[in-house]
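> Model the full assembly from the supplied sequences, consistent with the hints where possible.
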Amino acid sequence: MKLKILLVEDNELNRDMLSRRLQRKGYCVIAAHDGEQGHLLAKSESPDLILMDISLPAMDGWEVTRLLKANEATRHIPIIVLTAHALVSDRTKAYEAGCDDFDTKPVDFGRLTEKIENLLVVRKPS
Amino acid sequence: MNLKDISIKRKLMLITMLTSGVAVVLSSAGFLIYDLTSFRQSLSQDLTTQAEIIGYNSAAAMAFKDESSATVTLAALQAKQDIVSAVLYTRDGKVFARYFHGNTPPPPLPVLPRERGYRIEGSHLEVFQDVSLNGEPLGILFLQSDMRQWNSRAKRYGIIFLSFVLISGFFALLVSSKLQQLISGPILHLEDTMRMVSATKSYEVRATKFYGDEIGRLIDGFNTMLSEIQQRDAAVHDANDELQIRTLELEGEIVRRSEMQEELLNAKHAAEDANRAKSAFLANMSHELRTPLNAIIGYSEMLEEETQELGKVENVKDLQKIQGAGKHLLALINDVLDLSKIEAGRMGLHLENFDISQMIEEMVATLHPALSKNSNTIQVRLANELGAMRADITKVRQILYNLLSNACKFTDHGAISVDVDRSTEDNQDWIRFRVTDTGIGISAKQKRNLFQEFTQADVSIARKYGGTGLGLAISYRYVRLMKGRISVESVPDQGSVFTVHLPAKGTTEPIEAAQPEKPNDVPAASAEVKPNQDTVLVIDDDSVVRDLMSRFLTRLGFHVVAAASGEEGLRLAKQVNPLVITLDVIMPNCDGWAVLNQLKADPGLAAIPVIMVTVVDNESMGFELGASNYMIKPVDRDRLAVLIEKHRVARSFAVTDTKATPDSHRDASPKTKSGAWKETARII
Chain G
7 MKLKILLVED NELNRDMLSR RLQRKGYCVI AAHDGEQGHL LAKSESPDLI
57 LMDISLPAMD GWEVTRLLKA NEATRHIPII VLTAHALVSD RTKAYEAGCD
107 DFDTKPVDFG RLTEKIENLL VVRKPS
Chain W
34 MNLKDISIKR KLMLITMLTS GVAVVLSSAG FLIYDLTSFR QSLSQDLTTQ
84 AEIIGYNSAA AMAFKDESSA TVTLAALQAK QDIVSAVLYT RDGKVFARYF
134 HGNTPPPPLP VLPRERGYRI EGSHLEVFQD VSLNGEPLGI LFLQSDMRQW
184 NSRAKRYGII FLSFVLISGF FALLVSSKLQ QLISGPILHL EDTMRMVSAT
234 KSYEVRATKF YGDEIGRLID GFNTMLSEIQ QRDAAVHDAN DELQIRTLEL
284 EGEIVRRSEM QEELLNAKHA AEDANRAKSA FLANMSHELR TPLNAIIGYS
334 EMLEEETQEL GKVENVKDLQ KIQGAGKHLL ALINDVLDLS KIEAGRMGLH
384 LENFDISQMI EEMVATLHPA LSKNSNTIQV RLANELGAMR ADITKVRQIL
434 YNLLSNACKF TDHGAISVDV DRSTEDNQDW IRFRVTDTGI GISAKQKRNL
484 FQEFTQADVS IARKYGGTGL GLAISYRYVR LMKGRISVES VPDQGSVFTV
534 HLPAKGTTEP IEAAQPEKPN DVPAASAEVK PNQDTVLVID DDSVVRDLMS
584 RFLTRLGFHV VAAASGEEGL RLAKQVNPLV ITLDVIMPNC DGWAVLNQLK
634 ADPGLAAIPV IMVTVVDNES MGFELGASNY MIKPVDRDRL AVLIEKHRVA
684 RSFAVTDTKA TPDSHRDASP KTKSGAWKET ARII
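First to last, the sequence lines map onto chains G and W.
Numbering-wise (the working numbering), the first sequence opens with residue 7 and increments by one.
Numbering-wise (the working numbering), the second sequence opens with residue 34 and increments by one.
Treat the hints with caution; some may be incorrect.
Under the rule of at most 25 Å between Cα atoms (straight-line distance), these lysine to any residue pairs were calculated in the SDA-like manner [claimed, not checked]: (1) K360/W - L118/G; (2) K121/G - A364/W; (3) K121/G - L336/W; (4) K360/W - I36/G; (5) K8/G - E339/W; (6) K31/G - E339/W; (7) K121/G - T399/W.
It should be emphasised that the hints constitute simulated quantities derived from the structure, not laboratory data.
Structure follows, in structure tokens:
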């Protein structure tokens, strides 16, 4: 069965490009274009992994991550935060918000898939 | 009043009076004495003549011893008023006959002298005359005159003399009182003038010269002196006026300068605001640029994969070119972003342990495309047992990558080498990276700006070799961030050697390092004490605050030393000479204000920027005492990080000034450096 990845990204081009490339890698991708939709889909679709952009309209990535990690039902889903700001404070903030990994945009696709695979491998047995 | 102190006028009159008086008295007395003497002479001659006559007349009476006729003869003397007594003595001295004038009692009979002649006996003139007849001595006649004539004459003369002296004295007074003005007049005038000058201080007054004598010359001299004083006075006055004008000018200048300074300060603030805005803009812009770039690279990668599967090789190459260009653009944007992050003080360090040789090998492997482009060879020489180092691997990699890709870029058909070894300096382990090339080299002039942003050695070089010119600037700042140093030696057309020294054990975790290594050194210090320019001294009596600050600042790449009391803080400040001090106010014994006061009073410490971190809301007090910044607890960590980073950047800019020899920054006196950063620090 295909692993399901939820991609929360407001930029249409990036959303389209990333979801197509992830699909080509063999993942099932569902996409959300803002924080609120991402939050709802995470709860309703229970994906295996979430790729979360930070600067999102309506509700930002930090907020969504915090909500998901605070919720018993969604806490186990690994979240990789994607941010354009490669700042120390962002990295610290990401871990504080409870996300599992962190990557900067523009994504190095190879590195990103590596991180995805790592997280899914770690999570699978549990 | 002392005679010497009376006025010159009176003195002159006195002198004249005395002189003329003495002259009159002396001359009159001389005349008087002469006249009275000669009058007495004539009186005694008269008396002698009288005695001769009476002697002659009474000689017969004596010869016949006729006493009564002798007495008659003597009585004839009645006519002579001045003869008071007459006595006839016999030869054996017995009184023969006698006479005395009027009813005066008979005078005592004089003792007969042996000699004859006249003499003056008291107030009387006496004459003894022999009485003889035909040469036969018969007796002696004695006549006594009371000198009445002489006395009355002397009395008269005395009156005349006195009145003469008085009259002449009066005239002398009249004359001298007129004549003394000849002398005293000019002197008194001179004196008046002098008194007036000294009272009114008006030096234009002149004394009048009356005569050409000594006093006239004295007045001349006085006038000359006055005009000299007047000239000097005028000169002093002029100088004073000039001084006043100059003072006014100076005051104006000071006001102007302070206004200018304020303007400059405002301009500086504006420039710094602008610089911050620029950095923020660059960061945002970079972000905005990266989003579409993300799509470009992503889609072209995706297309490349699909095209490869379809076997359209010629399209694959084009897609790779799009990717390459996109990645190059991304690299440029990253450089700009990095630099703006460093400038905004938002660049931190992520320390981790890594194997040096492995890192070098991996990095050299990524360098092969660049090497082959100019047909260069590379040689890696690693010292034995190089082991691991603790540092921000991404930044170390980037520094070396920048140096090596520069070497590749500026060397054609040449040799590039990387040497890495380990050394110990100042009780610290250092890793030395040396990148040598045989390329075009760098001139001494170019070296000066080498580590500044957007400065490639030559504009034409940028055109020929490409690049942002940011590589070395970023490398330099990264090296500084890691408390290392970078230097360059180069001979144009022969090649360059870049040497980077990095601490083998980057900023260590304070709690790990403190206890086992130096437990007795500094009791409350939460880190080993090293003289380190990237050290932050935290002074706070609350151990929780010390711990939190230490963790936070260490994560940002600072070396943290903590003090639990003011006294300890002062001691540690002297010991470590930190980059920045954070200071709490409410502490037992020695509070933060006292510490701040003592820090600013110590010339060796005054330059260290102090950030007040306190619950006490008294910012103005803090700035008055010389604090650089003021933060109220709970601390805004991001702001604290920005502030401290600003101080560090300010210092590294101060170092940039002397950057012709980048190694020299370690020896540069902290005072000169800190002078520059304190200014910068205050206006954050």
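> A separate judgement is required for each hint: does it hold in the structure or not?
Tested hints:
1. For a cut-off of 25 Å, the pair hint linking K360/W to L118/G stands: about 17 Å separates their Cα positions.
2. Simply put, K121/G and A364/W have alpha-carbon atoms about 22 Å apart, close enough for the 25 Å limit, and the pair holds.
3. Distance restraint check for K121/G and L336/W: the Cα-Cα separation of roughly 22 Å lies within the 25 Å cut-off, and the hinted pair is therefore satisfied.
4. Only pairs whose Cα atoms come within 25 Å are accepted, and K360/W paired with I36/G is rejected, the gap being roughly 28 Å.
5. The hinted pair formed by K8/G and E339/W meets the criterion: a straight-line CA distance of about 21 Å does not exceed 25 Å.
6. With a C-alpha separation of about 12 Å, the suggested pair K31/G and E339/W falls inside the 25 Å cut-off, and the hint holds.
7. A distance of roughly 21 Å separates the Cα atoms of K121/G and T399/W; the hinted pair therefore holds under the 25 Å criterion.
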